[in-house]
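Peer 1: Spelled out, the chains give:
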Amino acid sequence: MNRIVRITSLGLFFTSLSCSPSSTPGDSPSDSAQRVIEVEARPDRGRSEEHNLEFEARWNELYNTPHDNGDTLVIGTIGDADSLNDLTSAAITGSNVIGLLFLSLTRTNPDFSHAPSLAESWQFSEDHLELTFHLRDDVFWHDGVKTTAHDVKFTFEKQISPNIGWATIKWKQFIKECVVVDDYTVKFIFERLYPYQLMDAVVGAVLPKHILEKVPDEEMVSTDFNRNPVGNGPYRFKEWKAQQYIEVEANENYFAGRPPLDRIIFKVVPDQENLALQLKSGEIDFMDGVPPRFFEELARQENLVAYIAPGRSYSYLGWNLLNPLFQSKKVRQALTMAINRQEIIDSLLFEFGEIPKGPVLPIIWAHHPNLPDFPYDPEKARQYLAEEGWKDSDGDGWLDKDGQRFSFTVKTNKGNQIREDILILVQDMFKEVGIAVRPNILEWTVFIGDMDKKDFEAAVAGWSVGLKMDMTTIWHSDSINDKFNFVSYSNPEFDRLNDAAIFEMDSEKAKQMWWRAQEMIAEDQPYTFLYSPKDINFVHRRFQNVQMETVGWNYNLEQWWVPKDKQKY
Amino acid sequence: MHTYIIRRILISIPLLFGLLTINFFLIHAAPGDPTDIFYNPDMDPEARENIRRIYGLDQPLGVQYLKYIQGVVLKFEFGYSIAKKRPVKDEILEALPNTIQLSALALLLELSLGIGIGILAAVKQQSTFDNATRVTALTFYSMPSFYLGLVLLFLFAGGVSATHWFPASGMVDIVRHESMSTLGRLGDRAIHIFLPSLTLGIGAAAGISRYMRGELLEVIRQDYMRTARAKGLTERVVVFKHGLRNALMPIITIMGLSLPFLFSGAVIVEQVFGWPGMGRVAVDAAFQRDYSMFLAVNLIFGAMVVVGNLVADILYAMVDPRVRLS
Amino acid sequence: MTDVMDQTSPQIEVRNLKTYFYTEDGVVRAVDGLSYRLAKGETLALVGESGCGKSVSALSVMRLIASPGKIVEGEILLDGLDLLQCSETEMREVRGNRISMIFQEPMTSLNPVFTIGNQIMEAIRVHQDVSRKEARDRTIAMIRRVKISAAETRVDEYPHQMSGGMRQRVMIAMALACNPEVLIADEPTTALDVTIQAQIMELLAELQSEFQMSILLITHNLGLVAEVSDQVAVMYASKVVEHTSTAELFASPLHPYTHGLLTSVPTLGMPREQKLNVIPGQVPNPLHFPTGCRFHPRCPVAEQRCKQEEPLLREVKPGHWAACHFIENGKSPIKGADR
Ligand SMILES: Nc1ncnc2c1ncn2[C@@H]1O[C@H](COP(=O)(O)OP(=O)(O)OP(=O)(O)O)[C@@H](O)[C@H]1O
Ligand code: SF4
Ligand SMILES: [Mg+2]
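Chains as they are written, first to last, in numbering that gives the first Met the number 0: chain P, 0 to 568; chain E, 0 to 325; chain G, 0 to 338.
One chain only, chain P, in its complex shape (with noise of 0.2 Å):
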């Protein structure tokens, strides 16, 4: 289980030496030269159903060595949580805290597998269609009542109530029933085999009947609790103010025991600048997705320590295939080439990004290593545009084909500035080989609107990748009209293939499929794909047995703890 972490003094990744820092729970960066860890990209083995008994044994260790209690964490963040309920909050900060105040069935590994939480152990019945939980019988609601079976049926029939609208119904639309067994034992009973059955079974934090049942369902968005929520996690609820702060303090009766700090601050700060500048004057002790602009300024403060985490996220340059311009393969694989990726991740993200070849990233399990490429080549986008028929007749140093010059628009949203930036940069780069390109931003609701009507010739966005392996929101032809399908992609043969894929329960054989899959796309280039940005984290380091992981900069944040003698608060 050693670990690779590369580490530099100073500003980027220019040393790099081996050493296995995070080998034994409660060990962080003490040599002062150690300030920029990277978070290394673990196997994803999220369609596991069974434990991976390392990590479990790493996360219980914890518990058992020495540490100190107190100090508070302040997270900064940039905006406000809109609920502390999982029925009803839509936001990420809201997302945060409600990790530290409720439980769900499973905790997530460091490589997506499933760890136990709330429930022990669990398994599957001999069809696989009935999947069964243990649930511990030690643990209590933050009002003292205790957390049963019931709980995780009502919660998982509140997900389901159309009259809620739990932002995730969708990955509970497989599971025909929840039963109780007895108090601590519950049932799923599901219509279909498919790999991703314990996943979708834990998905949501199991929330209290005995408060909940109250509410009707209709209620259930602006019920009091939303504001004032009592879990049975590791933290409890103290206060929020709205726009200001969110503080959760230790909870003397969790069931693994008190976790190490007093308190934990979610600390709203809408702006970015401001954010750093509270970074670096230690205001804040921990920021997630700093803007890589800030990097170096931060990395020189010696009560620092950074994580650089693999990019869970990509931004592309769409293509919208409905339009004749795109419309013929070569093309689009021209336009790609004419692009100078590197370029835009060197100047734009400060080297903080890779070039993604398809949507599938290096995290996810079904990535495809060896993916078609069509790298920086002006030259030879020119020669694939003649081919096509696009050549500068008339000399004026535009390219046209039918006497019709190639010219189109590119629309983005407003308010994201590397985004902002790339149209200005992909403009000179398309110029370079004759093609004339107009910048268009808009407002995140209208450009929303203009992707969903297809009025787009071009556009620049992203998606950021979910735990799942799923290709058909995205890709699948079903997807063109009111899904994300945005582009219009429609190719049959991709169509089978995801579709078999997703339900396929050999994992090789499914690899298989998801990779001839990539290669269509790859291929097709349907998307011009921009880069994937590395997440760059900053925590003061006067916080110990910090681990941040893939599935998250907050994978251990229950655990984190300051010695007595470097306590700030």
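Hints listed in this document are in silico derivations from the structure and should not be mistaken for laboratory results. Everything numeric in this text was worked out from a predicted model, so none of it was measured. Virtual Cβ for every residue (Gly too), placed ideally from N, Cα, C. A portion of the hints provided could be inaccurate.
Said to hold, decoys possible - When the alpha-carbon atoms are kept at most 25 Å apart in a straight line, the in silico DSS-like pairs for lysine-lysine are as follows: (1) P:K213 <-> E:K88; (2) G:K69 <-> E:K123; (3) P:K213 <-> P:K152; (4) P:K240 <-> E:K88; (5) E:K240 <-> G:K132; (6) P:K452 <-> P:K328.
As the list claims (entries may be wrong) - Calculated from the model, a selection of chain E residues having no Cβ within reach of chain P, i.e. all distances over 12 Å: (7) I68; (8) T127; (9) L256.
Dock chains E and G with the ligands against chain P, hints included.
Peer 2: Only chains E and G with the ligands this time, still in chain P's reference frame:
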């Protein structure tokens, strides 16, 4: 006077009502809708539809409008915020006092600095002080407040560690505030509100100082000032009693008209300094197409304009006996 | 020259006063060697064309000349006390207390935002250590004294609630509130209509005998001069050119300028509002006064000497001072000037 105020308020009701109606149809006509904030491939279109139904967004616009107006008129209810998952009223009641606090202090700074500097500049016309404040005022007046905010942040809130005198955001030290003494808490609040209110107030203060200087110079030339001097009054009494009150009258009008600008300035300043006020609620509501919130926020801004004008008129009548409220 | 002007000691005497304005265009010699005397209980009229320096000289006496103006030379003796040597604090004791002033424009000379009572009381309280109540009582009495009816209610009114004549009465009440020795009235009636003018002048005359004060009356109005003043000083181009008793002046004006003024006024019964300044020629520019006798460009009897040599103000006749080279044996150089 009471009847005057009541009448003015009554007159403004249909005005605000019209504003509400226009805004209602405008925001609904704007592209996008509140469920856009749930826009991601993990969210099934079905879930989005559920949410639309729960909030009644699937009903015809006319029905939505009638329901909304009914709530406002009969129950003084402003609906539920889709983005904040709570009654609009709750969110506003939490944010409005903070903005009022910030704006009030900014106004105080604006007036005290603006009037004070304006007086000194007028009294010491053409002095180094006068010239220095002229240049400074022009600088602050023309500087966008978000830029000024960032500069102040950088200089005094952590960018330069030697002059890290103020916190960079928020209303209180969220970690330590609880455990402070009453005096400590007051100080804590003071250092938190200082930079944002300064940023918000200083541009207007710069404007006011130039106005004030001009007005006072104008007033100093008036015959009644000579009369006052001829009585044997000290220059201080002449300027501060006889001059100031006359010079202040146009300032009151400017101030009344500038109240809405103070509020819109707060939108930017609150963003830069993380001040939890109406400005941020307004920005979120507009971007998230949070209809009910947007309408309520605009109603409040509209009411601010009405109140600002009313207050200016009342103040004006208080200083200028020639003006009768009727 | 001045020591022979009067036998009795004057209430106020101005000697060789020079008040200049240092403007961007140059030095405006608004008052340039002005001298006059005003005896106790008497009225001295200061007459002259517009811009000749009457108001500036009056404000100089109050030492109310503001930048860019400056009193550069001279003496102003108030009962022997040289006001130009007083500190600002001492001067404040004089203003409104020993010397008061009322101005031409009653409409703008009162502060619009304070009640008249407030403004009169202020004058009392700044010089006398009296209670608010007493100051108010005295204010009401004063208002009554200037013949404003319903003084008790009027005291709380604002200037805009009153007519011009009323306001000028208020100004007078304010000026006389501390029983001054000298009252400077700078064209007190110019802005008022004829009947009101008469009432105000009557009132002033009445109060003058009651308070035993000296009045410096600045006016354009020769009719008024003839009616109310004891002595007249005629100003031309920032200086006094003739100074004598009113009767003497009207009977035998000796200076050609005065003569010009009077011939443009055929009878004493002329309409009061008729202005001076009907002498042919240009009013001299205080930035560039003519050399020699400043009147010479307009003087019908000017000679070469007048262009080079400035005539001094001298007693050309007992009790009659004038500044002209050609007054000899108490005779004007202009034929038929004596009547
Ligand atoms: N503040 C000032 N700056 C420059 N020049 C001034 C100023 N005040 C007065 N003067 C000049 O001084 C001269 C005398 O002015 P003053 O007001 O004393 O005239 P006046 O005899 O009172 O005239 P009027 O009969 O019109 O009142 C004028 O030429 C005027 O332009
Ligand atoms: S001195 Fe000469 S110019 Fe002057 S008034 Fe006498 S005669 Fe006329
Ligand atoms: Mg005058």
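Peer 1: Going through the numbered hints above, which ones does this structure break? Give me the numbers in ascending order.
Peer 2: Failing hints: none at all.
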